[in-house]
Every structure is written in structure tokens, then in C-alpha cells.
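Asker: Start from chain A and add chain B according to the hints.
The primary structure of each chain is shown beneath.
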Amino acid sequence: MLSLSRPGTGWLHRMPTGPKLVALSLATIALAALPSSWASVPVALGAAAILYAVAGMGAVAGVRELGRQVWGLRWLLAVTAAGQLLFLGSEAAAANTARVAAALLVVGLVPLTTPVAAMLDALERGLRVLRPVGVDPARAALLWTVALTTIPVLARLAAEVRDAQRARGLRPSFVRGAVPFLVVALRHADDVGDALAARGIR
Amino acid sequence: MIRCDDLAVRLGDRPVLHGVTLDLDARTTAVIGDNGSGKSSFARVVAGLVRRSAGELSVCGVDPDRDATALRRRVALVLSNPDAQIVMPTVSDDVALSLKPLRLARAERDRRVCIALERFGLSALADRPAHDLSGGQKQLLALCGAFVRAPDLVVADEPTAYLDARNARIVADHLLAETGHALVVVTHDLALARRCEGAVLFDDGRVVASGAAADVVGAYEAALAC
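If you're matching them up, the sequences are chains A and B in order. Sequential numbering of the first sequence, starting at 1, is according to my numbering. Sequential numbering of the second sequence, starting at 1001, is according to my numbering.
In short, the hints are calculated from the structure, not lab data. There could be a bad hint or two in this list.
Unchecked claim - The calculated label-pair distances, taken between Cβ atoms and stated as ranges, are:
| hint | chain 1 | residue 1 | chain 2 | residue 2 | range |
| --- | --- | --- | --- | --- | --- |
| 1 | A | Met15 | B | Arg1003 | 46 to 56 Å |
| 2 | A | Leu154 | B | Asp1215 | 42 to 52 Å |
| 3 | A | Glu160 | B | Asn1035 | 18 to 28 Å |
| 4 | B | Asp1013 | A | Ala147 | 28 to 38 Å |
| 5 | B | Leu1104 | A | Pro137 | 17 to 27 Å |
| 6 | B | Glu1221 | A | Asp190 | 25 to 35 Å |
Unchecked claim - Straight-line distance between alpha carbons at most 20 Å, and here's what the computed DMTMM-like set of lysine to aspartate or glutamate pairs gives:
| hint | chain 1 | residue 1 | chain 2 | residue 2 |
| --- | --- | --- | --- | --- |
| 7 | B | Lys1100 | B | Asp1067 |
| 8 | B | Lys1100 | A | Asp194 |
| 9 | B | Lys1100 | A | Asp136 |
Beta carbons: idealized from backbone N, C-alpha and C, even for Gly.
In isolation and in its complexed conformation, chain A is listed as follows (with noise of 0.2 Å):
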């Protein structure tokens, strides 16, 4: 998700968050739908290539995001290979793993195509039918938004945390880091809730 979306003007990034959610997951279900045979896999893998390549990020651009993504995943599907192809034999092996690489490529076009304030909107909108049960869907949809922005700046800190311990002549630790960390950490979430506040976001 911290990959971002790719700018374009395609149909899918046209289309509304919501409808795309839907056909995306529609086509998600169908790819993992299909049987578990050597047929599955060119079917799975050109279903997602063709969806990169016409999704408006140009097909250039479309085939070397594929690429990208597929990069990205690629332990995900050693493992997945790996287990299948132990158990399962070579063809369901094969099969399934595409299936698995195809849905993931798929879902994988939601953050692509979709910018972080319209993902925002749409899920806050998903959310109003819990606002009965007292979830506050905007609170919800930017705790979440929140959280996953925190990732790279909570991997910042612990590197400093690292870097400080070094500069002190320690080798760096994870118990003895544990709690510089996380005082840090607090501290990061403070400021950002005094800057939330500031920006009149409750």
C-alpha cells in the first residue's frame, strides 16, 4: 500500500473508488475460481498482465509496474511454490501459485490506480454502516491511513535508536533498544496527535 498510486488518466483511475473495489474483487474471485491445472496458468498470468498493461498507466509503464509488483512478491510466491510443489505435486503447484500471483497482482491495482484520499473517502464511506455499533467511520478510515504513513517513520526511529547506540560504543540490541524505542515512538505519536489537532482533525 506504501507503494502509492501511479499517476495516469486511464478508466481506471477514472472509475470510482467503490464500483472498482467491487470489480476488482469480482475478478479476483474468478481468477481464484479457476481449476487447478497447467491451463490455470497462462489463463491466471495473462488475465493480470492484460489488466496492467490496459489500465491507463500506458502499457509500457503498465508491463514494468507488473514487473515491479511481481518483484515484490516474489518470496511470498518461493514459499507458496515451495509448499504446493512438497504436497500437492507440480501441476497444482504451478496452478495455484499463479492463481495466488494473479489475485494479489489484481488487488495490488486498487493502490496503483487509486490515490490515498479517494481510498480515504471510499473506505470512510464503507465504514458508515458500523457507525450504529459507535465506530466513527472518518476516525476509523485515518487511523488506519495513520498507521500504515507510521511504518517508514517508526523504521526511522528505530535506526536511530540503532545509530545512537552505536555512537555510545554498544553493539545494538533488540532488548536494549526496546525501550529507547519506544519512548521515541510515544513521543513520534504525541506530536503527531498535537499536529492532527492543530489541523482541526479530531
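Answerer: Same frame as chain A, but now just chain B:
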């Protein structure tokens, strides 16, 4: 713009401001003083993030403790650490977040975001991941997020603390620009303080001098030399 009478603030049991009586009407005001002197607490109480424990306070005609919503519409806050202010994944999304409370139509929201990005020289970075920006660009983004709502007053708490000289200058130029807003800037950068019209000097939670920036900064420098 800001009026306070015998203002006091406590953080837990610790008094951080006491007996602060001020009437700030200058378009740009620097708040200076040593670490722990109460400058940031003053900025936070003015921005409505901290409640006062005693006294009276009026910011743009609004009592921050009584009408926080009206205060948010009129006052924007910029912090020293831009990472804490950037909460959305991309530059344009983060600026758009500031407009969310206004519940604008998407086209109007996008239009205002475009104008703000242009003003801060961030248009080319609109779709970039916000946390991949340089420190200077992040602080410009934080300013952009504050200014996009066209506030009457911008409160900036050490906005140039993490920046190199060039970026500090750029950020200061944007803050001091005459675009219809008033500015209260907490700073250790005395060059920036001198560029303001007025200044307030804090020491141990009290105001020890206020007036024309050149005079107050001069008094502070003289005290530092002792």
C-alpha cells in the same frame, strides 16, 4: 490578535507559564528565550493544544478553551519536526488532509491543493511519497498543509530547528511573507527573530520583555553576553 491577562499554564504539577500578560497586535511576532523558558508552552496554549490553568486568553477574538472549532478555523500550527506533521502517504494527499474538516467538494479541494503546492514550489512533488522528501521539503510541506486553509494566524514552534541555512531561509521567507496572515514564531534563530516586527522574551515561564523585535532581541543578546 492575541490578548492574555495573568495567563498561567501547568503541565501536571509543574507550572510552565505564570502571570503572562500580553497584547500582541504586530503582524509578525517572535517568541524567544532559553530552553525551558515557556516559549513552546505559550505557542501550544495559543494554538489550543494546552488548556490554561488560570487567567484570560483571546486568540483572534476566540477563547481557545471555549471554542476550539472556531480556533482551528482561524489558527494553524507548524511544529519543528515535520515528520510529526506529515500523516498522509503523498505530498498532495497530505495537503488535502488539512481541508478535510471544511468538507469541500473534491474539485474545489483539488484546486486549493494545487494552488498551495504551487505557492510552496511543491507542484512537481505532488505525487511523491511525503516521507521520502528532504528535511527542507518536508518542512515546506508542513507549511503548505498549514497555509492551505488560509488561516488568520500561523503559530510556528521552532520551524527552522532541523533545517540547514538555505532551507531555514526559504521557510522563514514563506512564514514572513505578507499573505494576509499574522505570525507568532517561537525560535532560537535570532536572525529570524530580528526579521519580525515584534518580539517577546520569556524567562522561567514569565514575560521579561516585549516590544519591537530589534529592542527585545538586543536585550536578549545583551543578557547572553553577561
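Asker: For every hint, state whether the structure bears it out.
Answerer: Hints, one by one, checked against the model:
no.: 1; hint: A:Met15 with B:Arg1003: 46 to 56 Å; result: holds, 52 Å
no.: 2; hint: A:Leu154 with B:Asp1215: 42 to 52 Å; result: holds, 45 Å
no.: 3; hint: A:Glu160 with B:Asn1035: 18 to 28 Å; result: holds, 21 Å
no.: 4; hint: B:Asp1013 with A:Ala147: 28 to 38 Å; result: holds, 34 Å
no.: 5; hint: B:Leu1104 with A:Pro137: 17 to 27 Å; result: holds, 18 Å
no.: 6; hint: B:Glu1221 with A:Asp190: 25 to 35 Å; result: holds, 33 Å
no.: 7; hint: B:Lys1100 with B:Asp1067; result: holds, 19 Å
no.: 8; hint: B:Lys1100 with A:Asp194; result: holds, 17 Å
no.: 9; hint: B:Lys1100 with A:Asp136; result: holds, 15 Å
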